[in-house]
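Let chain U serve as the given structure and place chains C, D, B, S, H, Y and G on it in line with the hints.
Chains as they are written, first to last, in UniProt numbering: chain U, 1 to 232; chain C, 1 to 232; chain D, 1 to 232; chain B, 1 to 232; chain S, 1 to 232; chain H, 1 to 232; chain Y, 1 to 232; chain G, 1 to 232.
No lab work stands behind these hints: they were computed from the structure. Everything hinted at is true.
Between beta-carbon pairs, the in silico distance windows are: (1) Y/GLY29 - D/PRO56: 39 to 47 Å; (2) Y/PRO78 - C/GLU37: 36 to 44 Å; (3) S/GLY29 - U/ALA42: 54 to 62 Å; (4) H/ASP14 - S/GLY151: 18 to 26 Å; (5) C/ALA26 - Y/GLU37: 41 to 49 Å; (6) D/GLU76 - H/ASP14: 49 to 57 Å; (7) Y/GLU84 - G/PRO56: 30 to 38 Å; (8) H/ALA53 - G/GLU84: 55 to 63 Å.
A few chain B positions that, by computed beta-carbon distances, are all more than 10 Å from chain S: (9) ILE13; (10) GLU37; (11) ALA42; (12) SER46; (13) PRO67; (14) TRP81; (15) LEU82; (16) ALA85; (17) THR93; (18) THR100; (19) VAL131.
Which stretches of chain S does chain G cover? Using the computed rule of at least three CB atoms under 8 Å from a CB of chain G, they are: (20) 127-140; (21) 165-177.
For each residue, glycine too, the CB sits at the ideal point set by N, CA and C.
There are 8 protein chains.
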Amino acid sequence: MEPYPTGSAGNTIDLGFAQLDVQRAARTGDPEVVYGEGKTPAQIVSALRALHAAHPDRAVLATRLAPAALARLAEELPAAWLDEAGRLAILGTPPAPVGTVAVVGAGTADLPVLREVAATVGVFGAGCDEVVDVGVAGLHRLLAQRDRIAGADAVVAVAGMEAALPSVLGGLIGVPLIAVPTSVGYGWHLNGLTAWLAMLNSCAPGVLTVNVDNGFSAGVAAARIARRTARP
Amino acid sequence: MEPYPTGSAGNTIDLGFAQLDVQRAARTGDPEVVYGEGKTPAQIVSALRALHAAHPDRAVLATRLAPAALARLAEELPAAWLDEAGRLAILGTPPAPVGTVAVVGAGTADLPVLREVAATVGVFGAGCDEVVDVGVAGLHRLLAQRDRIAGADAVVAVAGMEAALPSVLGGLIGVPLIAVPTSVGYGWHLNGLTAWLAMLNSCAPGVLTVNVDNGFSAGVAAARIARRTARP
Amino acid sequence: MEPYPTGSAGNTIDLGFAQLDVQRAARTGDPEVVYGEGKTPAQIVSALRALHAAHPDRAVLATRLAPAALARLAEELPAAWLDEAGRLAILGTPPAPVGTVAVVGAGTADLPVLREVAATVGVFGAGCDEVVDVGVAGLHRLLAQRDRIAGADAVVAVAGMEAALPSVLGGLIGVPLIAVPTSVGYGWHLNGLTAWLAMLNSCAPGVLTVNVDNGFSAGVAAARIARRTARP
Amino acid sequence: MEPYPTGSAGNTIDLGFAQLDVQRAARTGDPEVVYGEGKTPAQIVSALRALHAAHPDRAVLATRLAPAALARLAEELPAAWLDEAGRLAILGTPPAPVGTVAVVGAGTADLPVLREVAATVGVFGAGCDEVVDVGVAGLHRLLAQRDRIAGADAVVAVAGMEAALPSVLGGLIGVPLIAVPTSVGYGWHLNGLTAWLAMLNSCAPGVLTVNVDNGFSAGVAAARIARRTARP
Amino acid sequence: MEPYPTGSAGNTIDLGFAQLDVQRAARTGDPEVVYGEGKTPAQIVSALRALHAAHPDRAVLATRLAPAALARLAEELPAAWLDEAGRLAILGTPPAPVGTVAVVGAGTADLPVLREVAATVGVFGAGCDEVVDVGVAGLHRLLAQRDRIAGADAVVAVAGMEAALPSVLGGLIGVPLIAVPTSVGYGWHLNGLTAWLAMLNSCAPGVLTVNVDNGFSAGVAAARIARRTARP
Amino acid sequence: MEPYPTGSAGNTIDLGFAQLDVQRAARTGDPEVVYGEGKTPAQIVSALRALHAAHPDRAVLATRLAPAALARLAEELPAAWLDEAGRLAILGTPPAPVGTVAVVGAGTADLPVLREVAATVGVFGAGCDEVVDVGVAGLHRLLAQRDRIAGADAVVAVAGMEAALPSVLGGLIGVPLIAVPTSVGYGWHLNGLTAWLAMLNSCAPGVLTVNVDNGFSAGVAAARIARRTARP
Amino acid sequence: MEPYPTGSAGNTIDLGFAQLDVQRAARTGDPEVVYGEGKTPAQIVSALRALHAAHPDRAVLATRLAPAALARLAEELPAAWLDEAGRLAILGTPPAPVGTVAVVGAGTADLPVLREVAATVGVFGAGCDEVVDVGVAGLHRLLAQRDRIAGADAVVAVAGMEAALPSVLGGLIGVPLIAVPTSVGYGWHLNGLTAWLAMLNSCAPGVLTVNVDNGFSAGVAAARIARRTARP
Amino acid sequence: MEPYPTGSAGNTIDLGFAQLDVQRAARTGDPEVVYGEGKTPAQIVSALRALHAAHPDRAVLATRLAPAALARLAEELPAAWLDEAGRLAILGTPPAPVGTVAVVGAGTADLPVLREVAATVGVFGAGCDEVVDVGVAGLHRLLAQRDRIAGADAVVAVAGMEAALPSVLGGLIGVPLIAVPTSVGYGWHLNGLTAWLAMLNSCAPGVLTVNVDNGFSAGVAAARIARRTARP
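So that you can see chain U by itself, here it is in the shape it has in the complex (with noise of 0.2 Å):
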């Protein structure tokens, strides 16, 4: 087989805008997203149409959408579903779950980038076990669900401020772990650096790390772990 033939038809959709890359789905398992920032609502609508028709059996995303797209896409695609929270739009099935991730909330503040991440999980093909406001200044929050944390198969954990969280949780789980940083400070937090460098600095072993506010990346990444570790 060629695995990367140049100049073909068959692997590109060119939008004139953006080159759709078709062929992803068959090199890394999942389909190519729509990255809604910075593309108009038209063009994100169009992509994600293309994207759709190129994966009819299978659900496809666009992230990071504007309220302006987020809009258009109600009105001209009224079958994707919307989650304004996570700024995300899903067009078509997901596929069934295989393997669970638990993802960790430490505040309200991140709920946001908590809930992109469910959904990737989940159109990315694994379950999503949502457990939020467990953050450690209130540390029996967080004991009372290690055990149904510790039965996920992968485990994204969500927090801004100091980021104490991911620490925490892996001293006391094996599970493999992805911390989030978020951009969510009472002052001088450098838009989620200071998240960003705790995690990267935990004392725990084997904590990863993605950008500040990525939820997408990690989602991928947990949905991944999860699906290879639990199939059957």
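This is chains C, D, B, S, H, Y and G only, laid out in the frame that chain U set:
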């Protein structure tokens, strides 16, 4: 079962300069590790010996060892296996490997970190396949190894400079992928900040990251993913 | 000839709010340009008109135009060619193109900067070949265009996020290569600092860089290289 | 009383290289301290001796002493008490302790700073209870000491890496709490910036902070709080 | 006594969007607070009402309230006391003040943060003495208030720009001193980083700090010190 | 004479929101100034009126005025002279100018800061000679003005971008030279940090600097130098 | 032709510690280079010898050589030409120069980087004209060399401190211009960040940049431009 | 007169490694200076000797001399006056002082920079009055010297840590004031960035600044101000 007994004597070994957490294997599946930085050679020998005594049937690990610490270990714990490049020591027999981690390095200057990943993976119970010097400036070197890498249960990509390797890899495979930035560069790279920022901003979805040069944490996470994924 | 006469009247046009440097074309081969940021629409119209009068046989350029400035230009200088995406205006006839610059963009969000490069290249006297949406997450899209890019006299690679594109390109071709970082990203990217650092730390030798989003300066340099290279 | 006489002879001792502020104890309740950095061993001996002569009934302190300074002090001021880990010297008898400061350390690498806190607390007139190696990666170690810490009049928490310790402590107790970030880490932590940012962004209310590794200033403040709180 | 029961129903109120920690007053002596940023006006009203119901005999506090939230509170909880400058709301009767906190401000631009300190001090049970506009550029204004400040049980110094105030104060008094940097400046001050760095590098020993503009945390700490110090 | 009487009534005017320092002219030779940022239009009017009443024979100044403040001043203090570009107001008659300050600007975008310098120089008692748009990209424009600039008693150079102007000037003249960096640039310049760093690293000896865009402080210093230099 | 065969044996030499990319000259027109940092002297000798064997008719280059590596090369490869200032080694005969690169240095402290540029230019096939110590603090030195510089096919400007040189040069000539920032300064310049920022913010259009002290990359790019421009 | 002759032989001395700018005294009033960093002892001796020959009737200066350079100068130029603390050498007779510069230092650790200021002031033709160890933590020490400082023609304030000294001074006197930040601190102060930022954000108007530890540039500027101010 009472998971967090306070004050009980059985879960901590008091070495005077440290409280060894011998309960960690029960909590997280893997024993504590001796972190060498800031400890004297004598403290490292003493801690490694105590850890080994607490886990006689499982290899234990010491990381970030200065040359003086490695020399002291060679003398006082001749049964230990030492890796000078990775600055690690292993005492006891590693578990039989379950699953495989592909450890992919961009350049020869990244080798020390790649060795830290590889040795850690072994101690934490997975097999390791090292793929070296396949940076993107000579793309054919990486493409030639694509199928080998895609066949692993988890992938760790080690790269410095602009760290393009994980982005290119992330577009070619769907295996869980951890990127380790290294403090290797040709000018002003802020001790690896450039590679770190690049990895966290990867255009490929699902790229996970650890701190600069932190091969240990990447190895822990990769081994956990691999041995869960591959469990029979 | 006395190249730096002091105080002579002929080399500057005094607009009150600005001293137009009408001697620049004689010194450097290209006329001065109107930089729109921080100027009122009326000032921009006045400056562009004066520049045009001083160089009647050569197109003159205005960059970084706010919507209000573009609207005012459309009204008062209907002969000007306006590019809303690139935020540019051109007044007068561009020179016949000498040589070709390939302008290569990683993603659709990079298009505005790519347009700034392309329009500048034209005004500064070279031809332009635009290659869009060929980021490294779908490597086959770039490989398919390799020969087309390698045939240019100069290449400008426009990319945000981790900016791996110029490193991959730099390993595939030997044409002079200018990388333009863009302020496009998915989280904490410091307004393009990540892309900038990545380009300056490219593992491919000979990658040249300009400031974040500075398509104008890249276009000037690329056009100068192309038209010298290709001169008969 | 004239609180700020200018030019009067009685409130300053001129050592040539320094003006000792012998009025400070009257103004603030505690005598001046010799800051060792940037002073020669001879200057340190001379300054400490002069301070002692000015406060014969009260211990005086020198901080941040290089090994050469400690050696010189051992030789010339044999009555001084030296702490090599804390890099401090004390000359004269410390006051009888009033109140208790709990000094809590996350890891063994934090011990030097913890020692600076402890010695300073003593010289400034409070008692000290050291609780070591109770980082959050093994949470049970900290929970086991909770009541002991809660019984103090002030708490100083010393931690590096991601510095989660004060946030967890701040949710468990209501005692005035000072967090000291240390320059201890496993990768890119900017010489303690990570710990510092984390402490300043703690989700637990009322966490106070000092500069990285500045155990001295934390000790001064904690002793002042403790001895006021506990005064009969 | 079992201090950290897991899963028990009595210590948390589930509001759907948040888990109120009603056990905090028992653990730390003060009830939880509603942090307004990132919450809708409706959520803030609901959370403040629930907190008040759980602590009927003790004032509860909401901070960082946007104008819309303040308006909603005025309408739905008319019993609440609102402070627009400090962006705070208080519901219920504050405790009788024990001890006094002097809150000292450098300039008029620092007033909003000074108000946040003062209101918090009251809710957390101490008295407050406000000393405004005594920056060091007119030193006599500060010197005139020296004795008044020195008589407090704790001092909070609020300052922006170069933040020299706490250093000067720290040399004049021995009362526990907390410095709050504000994001006030005349040019490039990095949103208060300058003041923050200055306070952390104070040449006066024992200066404690919180995050930029974080009057709340300073108020909590100062009140705790004052009411312990002054207890009969 | 008693220079720092504490508590005396004569040296401060209490406006409620501010303590006007009416003793400053006696101490430093120039009256206090109203800094507009963070003050309401009403506060600004009130403060400027009070300052004027305290110094009836000397112009007083208000800086950093928002459009609303300028409008309010135009209405309530019609005798005030307003400079919209410089965002300043002057009330009362400026002193007769002693000495001359040359204020040299690199580009048209630097004009607002240049105006702040010029107006301040006048209020603080020196004459001002404005030399605009003489940036180094067209070197002949600057060389043509060299003698004019060299004849001043002090020079203020205002420049953004790479801020090469003061370095070139510093090699051409020996007059005291103050460089003001401006937040003007074409890409990633960190709000003027680039210009600031460049000025502080000037290869020409004796270049003095103030904060970004701080034309006021430069004007104060330049006027003081000029009027001392030129005093008969 | 199949440009990216995967797995074929002919395009890589396996040295154990490195995979030499011997296909690079075919792809980009220039052979691979040995980057000395992080390699042992023995590895450098071995890699340079292998590169030379693969390109017997073309000079090959090793950069960033420590003194120990230079000494080892002098011993084992006596035919190599060594440049201690530029820390380079050349093995084999450089190509006949095509075109000329003017390498312009601001100060004597910039000489090492200037030498790296010059040697690289020669190995990559162009001629080099070195113009030293012409910084802008003595402008006449630069103006005296203007015509000589303007006659080159490409210009490399090497400067530290505030790096005004390329901006001044960019206003005087229209030749393609590459600026190399150096880590030379008099105080806080962040290891060359100042020069780097200044060059990227140059007010002269078309200034291209490389990383701090990266004379090698500038030399590669300049040689490519010069030899294309001047080709017959 | 032709001020910028290009190519004329008389205004530069070619030392091979440097082009001495012997025209500078004519242009700016003061001769060029030898900057020692990055030059060998032999180069420094050679440059200083050449400068002296070109200005036989005027002292010339070399700065930032390493111990090896000072030793070589002592040997080869015994007539030179050496200042080891200030790392300076002076050859020839300084001008008779005109005017006085008060150089005020905050602490003993600031002495080396204070010496650089003082020696430079002398060579550039003004008198110097040193006032040491008057930091604000003991305010009475500074107040006692207020009148002495206010009587100078220019003031240089040298301070590290939080650098409150110039702000306090700036409120007490109206003399032109230059603040020199030093790289002196107790923790994370970014090599003097804290002091630098503080000085640039001073609440006292008219504070001028130079780079960290750059006593030379401050001395040049202060001397120029003083000797102009005081000229008969």
